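The listed protein sequences derive, respectively, from chains A and B.
Mapping to this note's numbering: the first sequence position 74 is 74, numbers consecutive.
Count along the second sequence from 1, add 1000, and you get the number used in this note's numbering.
I should point out that these hints are in silico values taken from the structure, not numbers from a laboratory.
Just so you know, these numbers come straight off a predicted model, no measurement behind them.
Accuracy of the hints is not assured; some may be wrong.
[What the hints assert, rightly or not] Sample of chain A residues lacking proximity to chain B, with all beta carbon distances greater than 12 Å (derived): (1) E56; (2) T106; (3) Q111.
[Unchecked claim] Chain B is faced by these chain A residues, among others (derived, beta-carbon under 8 Å): (4) G41; (5) P44; (6) L49; (7) A86; (8) L89; (9) L102.
[Unchecked claim] Below, a list of computed lysine to any residue pairs in the SDA-like style, where the Cα atoms sit at most 25 Å apart: (10) A:K101 - A:T68; (11) A:K101 - B:Q1038; (12) A:K17 - A:K101; (13) A:K71 - A:G94; (14) B:K1041 - A:Q72; (15) A:K59 - B:S1073.
C-beta atoms are modelled at their ideal positions from N, C-alpha and C, and glycine is treated no differently.
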Amino acid sequence: SQKIEQNSEALNIQEGKTATLTCNYTNYSPAYLQWYRQDPGRGPVFLLLIRENEKEKRKERLKVTFDTTLKQSLFHITASQPADSATYLCALPGLTGTASKLTFGTGTRLQVTL
Amino acid sequence: GAVVSQHPSWVICKSGTSVKIECRSLDFQATTMFWYRQFPKQSLMLMATSNEGSKATYEQGVEKDKFLINHASLTLSTLTVTSAHPEDSSFYICSARPPGYSPLHFGNGTRLTVT
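In isolation and in its complexed conformation, chain B is listed as follows (with noise of 0.2 Å):
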């Protein structure tokens, strides 16, 4: 079956620093794969979707230049949280769909706490 693989599972960050979580997808090709931020207790936000070679598109009150996306090759995409705060501290998760008619595919989430 389809697999989506995040990296890495769980970091832990100094206020003001920089943290970059990587999604791949290791069996098929995401020409689109989605952002997702959970706070506890809360359901997933749909942050960006990140389109391979091309611009991410971001949904209302996220802020671009604070989410850097990339998405370089068909297999990967990449969420830059730039000067973390510890109000950025939330579960990330991405997800992709495998081409056809298919549902979402998600990583198991990146645990980000600022401190």
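In isolation and in its complexed conformation, chain A is listed as follows (with noise of 0.2 Å):
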């Protein structure tokens, strides 16, 4: 069946090193792949979508990579900040049926201390 992974433990890091998180997916094959930050209580917040096609994309501090040989995702935080602290998930389009419906990892939650 069709999954996506991420991992569930928290990440813990210290400030000014770089978080690195994964996503993983199973017997499918997406046109692209996104990444939200939650921040507890609140809704996602969209930071980054990368193409099949493409194998990484910067936004300031953030990387994300795409290996759809690997069916895998990392995505980078540099020079990490406190405010970094958030969970970050991965979503996928078309598990559902439909392209236009997002499925989401069960998200990873980044701790940057001090």
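Both chains come to you apart, so use the hints to assemble them.
Following this line, the structure appears as structure tokens:
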């Protein structure tokens, strides 16, 4: 069956280091993949979208890679700050039948400490 | 930027009563809106797709008679949880996509607690 997997354990890193989060998917070939940030008690906020023909996408301190062979996306935050502490979700289209619907991973909680 | 507003942000109701949650797109028209539900430490689960001027499309396992969706205008969708039970307590989030190629924009969610 098709599914999305993110490391459910929290990732704790020190301020200034690079945080790397992983999103794996199985039995599926998405046309693109998205990353969202969710703070406690709030709705997700879109961060980046990467298409299947793109290897890497950057936005300020954020970098996303997309390996369609490994069926994996990596999300990097460089020079991390305590304000980056949040849950990060990856999302793929079409798992529920239509491309307009997004299916989300369980998310990985990032905690950046001083 | 595109803004999706959700109201109320939290609500407490008694078992057996109904609760209505509103989702508005403030600066764009949305023919389609999506309703998600999120339990603690779990991911967002798509409940239904709200279609302006027509019936909503529900995901498998979601009771359409319990979760009534109305999308009466291009900027407003409502979700009514009917005859609420404690197990309906959850975080409900709506989303919409502005016209053109654009990611989903989410409301800030509604925390529903049924006592």
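Tested hints:
No beta-carbon of chain B comes within 12 Å of the beta-carbon of E56 (chain A); the shortest separation is about 18 Å. Look at T106 (chain A): its CB is around 4 Å from the nearest CB on chain B, not clear of 12 Å, so calling it non-interface is violated. Here Q111 (chain A) stays apart from chain B, with its beta-carbon at least about 15 Å from theirs, past the 12 Å limit. With a least beta-carbon distance of about 7 Å to chain B, the hint placing G41 (chain A) at the interface is held under the 8 Å criterion.
Interface restraint check for P44 (chain A): the shortest CB-CB distance to chain B comes to about 5 Å, inside 8 Å, so the restraint holds. Hint on L49 (chain A) holds. Least Cβ distance to chain B is approximately 6 Å, under the 8 Å limit. Using the Cβ-Cβ criterion of 8 Å, the hint placing A86 (chain A) at the interface with chain B is not satisfied: the shortest such distance is roughly 14 Å. Taken as an interface hint, L89 (chain A) checks out: its beta carbon lies about 7 Å from the nearest beta carbon of chain B, inside 8 Å.
This hint holds: L102 (chain A) has a C-beta 6 Å from the nearest C-beta of chain B, less than the 8 Å allowed. Restraint check: the Cα-Cα separation between K101 (chain A) and T68 (chain A) comes to about 20 Å, which is no more than 25 Å; the hinted pair holds. Between K101 (chain A) and Q1038 (chain B) the alpha-carbon distance is near 16 Å, which keeps this suggested pair within the 25 Å criterion. For the suggested pair K17 (chain A) and K101 (chain A), the alpha carbons sit about 34 Å apart, so the restraint of at most 25 Å is broken.
Between K71 (chain A) and G94 (chain A) the CA atoms are separated by roughly 15 Å; this keeps the pair inside 25 Å, and the hint holds. For a cut-off of 25 Å, the pair hint linking K1041 (chain B) to Q72 (chain A) stands: about 22 Å separates their Cα positions. Between K59 (chain A) and S1073 (chain B), the direct Cα distance comes to roughly 35 Å. Violation of the 25 Å bound is thereby established for this hinted pair.
In terms of the numbered hints stated before, the structure departs from hints 2, 7, 12 and 15, listed from lowest to highest.
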